[in-house]
Amino acid sequence: MDAGLFAKVLVNGVMSGGIYALVATGFTLILGVIQVFNFTQGHFYMLGAFVTYAVASALGLPYPLAILAAFLATAILGALMYFGIVQWTMPSGFFHTLLVTVACGAVISQTSLLTFGFNDRVVPAVVTSSLSIGGITVSGSRLIVIAGALVVMLALYYFMKTKMGTAMVAAAENRDVAGLQGINAKQIFWITMAVGCGLSGIAGALIVPVLSASVVMGTGMFIRVMMVVLVGGMGSMSGALLAAFIIGLVESFAYQLVGELSLVVIFVLVAILMFFRPGGLLGKPLPVPGEN
Amino acid sequence: MKKLSERLFAIFLVLVFGISFALQLMIPKAEAAEKILKIGTVAPLTLKEGVEIKRWMELFAKVVNEKGGWKIGNDTYKLQSIVYDGGVMRDAAKARAAVERLVYQDGVKFMVSNWGETPTQTATITEPNKVLWLGCDFTDATVKPDLKYFFRASGVYFARGLSYVIEKDFMARGATTEISVNADTESGRVGNKLWGEAAKLAGMKVIPGLTYPPDTADFGPVATKIVALKPDLVELSFVTGDQITNIIAALKDAGYRGFLSPANLNPTILANTIAKVGKEYAEGMEYNNFDPRGVHNDPKMQVLIDRYMKEYGEFRYEGVFWVGPWFIFEDAVQVTKSVDVEVLRKYLGESKNGVMTLGGYSQLFARPDRGVLQTIDVAPGHGIGIVKDGQMKLLKKVSVKDQYLVSVKVYGLVDTYREYWDKYGRPKFPDEPSMIDFKDILKK
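From first to last, the protein sequence lines stand for chains A and B.
All residue numbers for the first sequence refer to my numbering, where the first residue is 1 and numbers rise by one.
All residue numbers for the second sequence refer to my numbering, where the first residue is 1 and numbers rise by one.
If we strip away everything but chain A, and leave its shape as in the complex, we get:
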C-alpha cells in the first residue's frame, strides 16, 4: 500500500468514524441518561440529511444554515417524540419503550418514503477540490466532514461541562440522587432526547454532500451504531467516541484487504471483543433496567 493509497484509506476511515461518533454519542446519551434504547437514531440521521437537502438544494440557502436547520429540526422532533410518546411509556419499562421506538422508527420510515419517494436527493459537494501534500491527494469534501464532526464533538464536550451537561451526567449516574440534588429530571430528559436526536441530524447534514439523502440510509447507520456502542461500552460516551473511529478505520482498511468481506471482519472482531470484554472497551456490562 503506497502512501497515497494509505492517506485516502485513512481519510475514508476517519470520516466514517466521525459520523459514527456523532450518531453513536447521541444514542449513548439517550441510553445513559433516559435509559431509552432509541431505535429511531438512524432515522434522525436520515431526516437530518433530507432537511439539509431541503434547505441547501431546494431552497438554495447557505450550507451552514442547512446544518443548523437539520440540528434544530431533528432536535425538535426528538423532543416532540419524548413528550408525545416516550415519557408516557417509560413507566411501563425498558422493553416497552424500546418497542415503542421501533414503532416510531417504522412510522418515520414509511412517512419519509411517502414524502420523499424512492429517489435519493443530491446535495452538491461543498468543496470540489482535493488537498495535495507531497504528492498525496485526499478529497476536500471528506476533510470537510471530518472537520465538521470534530467541531461538533468539541462543542458537545464543552456542553457536557456546562450546568446542563453536568446535570445530564448526574442523572445518568443516579437518577434518584440527582433528583435529590434539585435536578429537574423531566427537563433533563427532553433536552437529552433533543440533543441526542440532534446529533444524528447533524451527522446526516455533514455527510449528505458526500453521499446522498436516501430514505434507507438510516438502517445501515443504525447497525454500525450498534456495533460502535457494543465495542465502546453501553452508556459510555468516551467509549462510543473511541469505538466509532476504530470501527470506521477497520472498515476502511479491511475493504482494501478483503473487499466485501469487510463487514464480516468487523462482526468477527466485535464478537471476539465481546467475549473478552463484555462491557466493551470503556464500559461495563449494562444490566437491563428492572432486572436484578
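Derived from the structure by calculation, the hints contain no laboratory data.
Certain hints may be false.
To give a feel for the contact side, a few chain B residues facing chain A, derived at Cβ under 7 Å [unchecked claim]:
{"no.": "1", "residue": "D91"}
{"no.": "2", "residue": "P208"}
{"no.": "3", "residue": "P213"}
{"no.": "4", "residue": "D218"}
{"no.": "5", "residue": "P221"}
{"no.": "6", "residue": "T224"}
{"no.": "7", "residue": "N246"}
{"no.": "8", "residue": "Y256"}
{"no.": "9", "residue": "Q391"}
{"no.": "10", "residue": "K393"}
Pair ranges (Cβ atoms, derived) [unchecked claim]:
{"no.": "11", "chain 1": "A", "residue 1": "P278", "chain 2": "B", "residue 2": "T139", "range": "37 to 45 Å"}
{"no.": "12", "chain 1": "A", "residue 1": "G135", "chain 2": "B", "residue 2": "K388", "range": "28 to 36 Å"}
{"no.": "13", "chain 1": "A", "residue 1": "L99", "chain 2": "B", "residue 2": "D298", "range": "19 to 27 Å"}
{"no.": "14", "chain 1": "B", "residue 1": "G412", "chain 2": "A", "residue 2": "P278", "range": "38 to 46 Å"}
{"no.": "15", "chain 1": "B", "residue 1": "E311", "chain 2": "A", "residue 2": "K163", "range": "54 to 62 Å"}
{"no.": "16", "chain 1": "B", "residue 1": "A271", "chain 2": "A", "residue 2": "A106", "range": "29 to 37 Å"}
{"no.": "17", "chain 1": "A", "residue 1": "L150", "chain 2": "B", "residue 2": "G255", "range": "22 to 30 Å"}
{"no.": "18", "chain 1": "A", "residue 1": "P278", "chain 2": "B", "residue 2": "D389", "range": "55 to 63 Å"}
{"no.": "19", "chain 1": "B", "residue 1": "P267", "chain 2": "A", "residue 2": "L150", "range": "51 to 59 Å"}
{"no.": "20", "chain 1": "B", "residue 1": "K78", "chain 2": "A", "residue 2": "A106", "range": "36 to 44 Å"}
{"no.": "21", "chain 1": "A", "residue 1": "A185", "chain 2": "B", "residue 2": "F315", "range": "33 to 41 Å"}
Predicted model only: the values in this text are computed from it and were never measured.
Ideal Cβ positions, reconstructed from N, Cα and C, are used throughout, including at glycine.
Following the hints, position chain B against chain A.
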C-alpha cells in the same frame, strides 16, 4: 270457500311461473362467457424494479380489459394482474410464500415478468402444478431439460453483445484494462463474470471484478480500491439507482479519471450525477439504453409509453427490461388463440421469431449447452447510449442476432452450438441491422 282459495292460489302459482318463464325468454341470450384470466407476478416491491414491474403488469391488464379483453374462441378473457412481494434477492421464505399464494390460493396458471424471487425454489412449486413461468433467472440453475414450464423470457444470458459493443467502443477510445464493479449479490457476481468475459473477447485486459456489501452508502473505500487497481474502464454492470451516482461521485473524489460505463443510467440518475460531479466528468459515459422511445419507433409501444405517463405521471425505466416476458406471453396467446397451458408451452418452446417489447425485439432460443432443446432463454435486443453535453443520446442499437451470436462466442460454446445448428437448423432473427454474422463466429 276453501276450494275457491285453493283455486285462486293455484292460478296465482301458474301466473308467477308463467310470467317468469316468459321473462326468461325475453332476456337476450347471454354473451359468450366472460372469464377472468389471472396473471401472477412475484417481484421485490421494496425495490424500484419491483414497483415498476407491478405498474407495468397492472397497466397491461388494464389496457387489454379496456379494449374488451382477449377473445379466445367463444370466451372473452378479462385479465387480472396479481403481483406479490417476493422480497429482495435471497429472501427465499418470502418468495416461496408469494409463489405458493399465487398458485395454491389464487389458482394462477401463468406467472409473467417474475424478477428477484428464487427461481429454483419457484420451480419446485410451479412445475408440479403445471404453471407457466416467464421471468428472469440470473443463474443457469433453472436451465435444465426437466423443467418444461419455465421460460427465461427476460434475462442476461444472451446479452453479451451489449457489453461487447460497449467495450469495443471504449477500446477504440484508448481503454485497454477493464474492471466490473457490483453489489455482492447473486446477480452482481454474475454481472462481474459476464462483463469480464465480454471484455476479454473484445481484447481488453480484465481486472478481477469487485463487489461491495449491498447496503453500502459510503463508496469511498470502494472507489479508493478501484483507483488503486488502475483500470482504464470501470463498468457498473448491475449497479442500479442512486448507487450509480454515489459510486461515480466517490470515484471522482478518489481521483479516478478513466472511462465509465454505468449500465443502468437513466435521466434522473444522470442529473443527480452531474449535480455531484459536474458535466465534464460525466461526459462520454456509455450505458444500456432503456429508453424505449430512442430504441425504436414502434407505434404500439409508443401508445403504451404514453399511457404509462398518463397513468403514473412520469416515465421510469427500472421495469422496462424486466416486463419483456409480458409481450412474449401476449404474442403466444394471440398467435395460438389459446390460454391452454400446454398449447402455450409448446408454442413458446418452439419459438422461431422475435417479439417486439418495450426494449426492442426479444427472442427465445434453445440452450443446447445445457441439454435444453426447447427455446427457453431470451436474447434481448437493446440500445447503447452515450452522455453528450449532459444529455443521454442513443449511440447505436444491438440486435437480437448480435446478442445471441456474441454470447455464444463469449461463452466459448461455438462448437456446441454449431452441432446444434447443423442438426436443427440455424435460428432466424428479426429483420434489423447487426454487426456480427454466423460466419464471424464460426471461422476457425
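- Query: Between P267(B) and L150(A), is the Cβ distance one that fits in 51 to 59 Å?
  - Reply: 38 Å Cβ-Cβ, so the 51 to 59 Å window is violated.
- Query: Regarding the hint that Q391(B) lies at the interface with chain A, is the smallest CB-CB distance below 7 Å?
  - Reply: Since the shortest Cβ distance to chain A is 18 Å, the answer is violated.
- Take the C-beta atom of L99(A) and the C-beta atom of D298(B), compute their distance, and say whether it sits inside 19 to 27 Å. violated, 54 Å
- Task: Given the hint of 55 to 63 Å, check if P278(A) and D389(B) actually sit that far apart at their C-beta atoms.
- Result: holds, 60 Å
- Range agreement (Cβ of F315(B) with Cβ of A185(A), hint 33 to 41 Å): Given a distance of about 56 Å, which is not inside 33 to 41 Å, the answer is violated.
- Restraint outcome when N246(B) is required to lie within 7 Å of chain A by C-beta distance: holds, 6 Å
- Mind checking the CB of K393(B) against every CB in chain A and telling me if the closest is under 7 Å? violated, 22 Å
- Query: Do the beta carbons of P278(A) and T139(B) sit within 37 to 45 Å of each other?
  - Reply: holds, 42 Å
- Message: Holds or violated: the hint that P208(B) contacts chain A, with Cβ atoms closer than 7 Å.
- Response: For P208(B), the interface hint is violated, since the closest Cβ of chain A sits about 10 Å away, which is over 7 Å.
- Against chain A, is P221(B) within 7 Å by beta-carbon distance? This hint holds: P221(B) lies near chain A, its Cβ roughly 4 Å from the closest one there, short of 7 Å.
- Given D91(B) as an interface hint, is the shortest Cβ-Cβ distance to chain A below 7 Å? violated, 15 Å
- Query: Is the shortest C-beta separation between Y256(B) and chain A less than 7 Å?
  - Reply: violated, 11 Å
In this structure, the earlier hints numbered 1, 2, 8, 9, 10, 13, 14, 19 and 21 are contradicted, and the remaining ones agree with it.
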